[in-house]
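Participant: Chain by chain, the residues:
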Amino acid sequence: MDKSKLLFIPLALTLIFAIKPYYGGELTIRLNEPTSFTLNTANYSNLIFYSLIYENFFYLKKNGEIFSNVFQEYRYDVSGKTLSLTIKDNLSFSNGKPLTARNIQVSLKIFMNSDLFAASKLSKTVKNIRVNENQVRIELLADNPDILSLLTAPELVVLAENEQSFSGMFFPQVWEKNHHLILNANPFYAGGRTYLDKVKITFNDSTPPDIFLANPNQFKENFQEFDSGIFQNIYLCFLQSDMGQNTKIALFTILKRFNEATGNKYKELRTLTSDEESPVSIKIKTMSPQKTASILKHSETKLYILASLSNLEKDLAAFLKNSNLNIETLFIDDSQLMAFLNSAAIQYLLIDKIFQKKVPAEEKISRILKESSFNQFNARYLRMLSELDEVKFSNSQELLMEQIARISEAIVNDGIIFPLFQKNYSLYIRKVWPAMEIDYYGRPLLQKVSKNND
Amino acid sequence: MKKVTCSLLLLLFLYGSSALGQESAETLVTESAAFLKIFFKNRFDVQVAIVRFENDSELTDTAMQKLYQLLISNLENEKNIRISDLLINFANGRGEFNLGRVDDLHYLLDLKLIQNKSKTGLGLTIFSRLQDKIVSIKYFEKALSKGEMDFLNAKNFAFSELGFSKLLEFESKRNLMDIQSISGSDGREQYFFYYPDEIVIYLASNMRLEKDSQFKLGWTRPVYPPLHYEGKLLLLQTNQGLVLTAGNNFSSYAKVLAFHDSQWQEIQKIDFVPFKYLILNQIPYLVGASYGEGRNYFKDKIYFMPFSDPANRSGIYEKKAAPAMALDFSVQDGQLQAFHLIDRNYNYHLFSAEFEEQFSTPEKKGASLAALGGEWLAISDYSRASDQLFFYNIQNGGQRPTYSEKITGEIQFISAGVWQNIKGFWTGVRQERDGQERFMVQFWGKRDG
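These protein sequence lines are chains P and C, in that order.
If you use this note's numbering, the first sequence corresponds to residues 1 to 454, in order.
If you use this note's numbering, the second sequence corresponds to residues 1001 to 1449, in order.
For reference, chain P alone in the conformation it holds in the complex:
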């Protein structure tokens, strides 16, 4: 961010804002269309969308500050190895149903049972979760003063028993498929009612957005650009162990060619995390078009694609049709994927993962191995992860890099994940919204955003 932008924010805060801020108005955000209201933070767009309707246990600001809107008090007792979370009085979900300590307990358990790296880290730490009136007591296996930071995961949100209840600052009101979604302000929002009355999520360019994601260094004129530090990696995963190497590389080649044909929207990715930080570079040689065609021509290939990549649907379908290849693309939600995993239905899967630049490389590689190896995760990988943990404490950067390289090589050599593309994102915010902050995960914090303050 340049100096003029840094100056602009405090000036705007001191000069423009009214003592009694104006309540009302609507803000438009352009995002990918979600598949449902079930939490799915697989990509950056989703990460933003679900942060609007689900409240996080804790938020992590860019400066490292941790805060919560749900708990009036949180205290870690070293001797008892217990974190006590006291919920605020009289909280409700968006439909007015009480939001209690029991909801916190259930939400925490759901998160810990999920197949996320952050969840497994927390699960390894927690011994028990108890509820006592308006207090949730998280008992730990060992002293861990860093426990609060484990609770800042963006996937750890307050869930209701009823699917139509939301804990976030907004709740869905109208959904016009393929066009837009209207979210209304949640009158019971734990953090205090937002100034905005509505947020419109558009899925196309019909309405000029106030907030959107795009490649860095564009739209200088009317927008503030926030380098969110977020990047998205796309991987091709192979979910069965008995798949031919040629077919894997042929499919890999086709997808690389698709990116070229659509104007190289994505950057080539030659590592599992990012080219700047990885100790190893992975080179997978692509095939000639003729060889690719001959391999894929006679097989009926079903390429499953995570719904978070649904923005590729139209272009990819057109590309495959023009290539005369018999590849069927099927978009699948995270929740469906888990149900299919144990069957042989899914062989090829295109997934994406989002990362924050600041997160250490060892954490990223652990996450990839844990979350992207699916049913091929085995004892060897578990051992490698344990070794990585040990190396982390050795304080030797050299050993750490060595272990990261070993894991990367193992994953690619075993043929379970091929890295494909990477995309960096900036968050663009129209300058009429000067008070907007973004958190550590690059999500705009809309709670205190008000337009009519002049």
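For the record, the hints were derived by calculation from the structure and aren't laboratory data.
In this text, all values refer to a predicted model and were calculated from it rather than measured experimentally.
Treat the hints loosely; a few may be bogus.
Derived DMTMM-like pairs: lysine to aspartate or glutamate, alpha-carbon spacing no greater than 20 Å straight-line [unchecked claim]:
#1 P/Lys248 - P/Glu268
#2 C/Lys1255 - P/Asp89
#3 P/Lys97 - C/Asp1212
#4 P/Lys448 - C/Asp1197
#5 C/Lys1299 - P/Asp197
#6 C/Lys1173 - P/Glu268
#7 P/Lys448 - C/Glu1437
#8 P/Lys88 - C/Asp1104
#9 P/Lys283 - P/Asp197
#10 P/Lys88 - C/Asp1197
Far from chain P by the CB rule (all over 12 Å, computed), these chain C residues [to be verified]:
#11 Gly1121
#12 Arg1188
#13 Ser1213
#14 Gly1409
In this text, a Cβ means the ideal position worked out from N, Cα and C, and glycines have one as well.
Chain P is already provided as a structure; the job is to place chain C on it using the hints.
Facilitator: Relative to the frame of chain P, chain C by itself:
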């Protein structure tokens, strides 16, 4: 060093010129006042008001208001003269007066300020309403220098005898929403501090407040968490003892509590936030409005609830108004005098007792307000950059600026109140310094009471 010396000299010069200017202006007014005192000397309880005031000089409307105010305050000190302040506003070179009460007066005064090449004069005409004729005409003249003119034209109402000043300041817990007070049976003033979850009662002790007691309010669902806590407290001495009402922007109901058996007991819930106790057609009413849930403004209805029996909530009627950032009623002798409102665009509106709009400010000016009886109105500014407190004289239904003061911080609420027998206004001010937030309570009053 040279520059500093020059600045200092300049400041001294300006100060001297201003002081002289005030003196000359005062002489013109005091001579007029002296003439009136002599004219009414042998008359008892004579009821007088200025009903026309015109300006034919280069002085601004602001300066004219100062001169008017100076004359009024001079005459107010005379025991045999009962001067009524009917000025509503001074604009475009002439005063706008509330002439609805002229029938009660004995004499009407007509003032005109004129200016020739070297001097400024004040023409004074006295009209006897009972004799239905002009009984005296007098002309006073003084040389007003350029510096004097500039001084009078400056936008500053700080005539010492009119000024409100900060008489008390102390730090409070955050989110204080309102302060109300009532005289206890021992004659000591009891102060009720209204926080979102409790009310803390203090007793006045010399120049300090001593904590006496506190009680939790125990709100129940539905609760609408706000970003900014707002609430109104009202204390009433009824036949059944002391009654308190507490409403806010996060609960869907207001509580009515009565002091029985040495403790506060909830006797009723009402669906709006009471902020005034009024007598209309000899019927006592609780008057109030509803906040937008979790928001910082009142919705567009004013509720009137007959309140002879605190436990009875029947017969509520409502009047349509505009959504408001702040609103209050000014009451004189228990009767509704006017209705003051700051709308959601931060413009001030004055309504008559019949809810007819009298005027509104074209510029954004206002966030919180409170009326002190039927005499004074305090309004805070809307901008966060430099908050201000404006004091207006609202006697006889007008609204005239008389004094303003810069405030460090942001005024969160204003309430009319009493401190050390001086009537004035409580303000809750949020201040931020070095990233630390403090909530200050201030009392603003006129030292002359």
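Participant: Against which earlier hints does the structure fall short, listed by number upward?
Facilitator: Those not satisfied are hints 3, 4, 6, 8, 9, 14.
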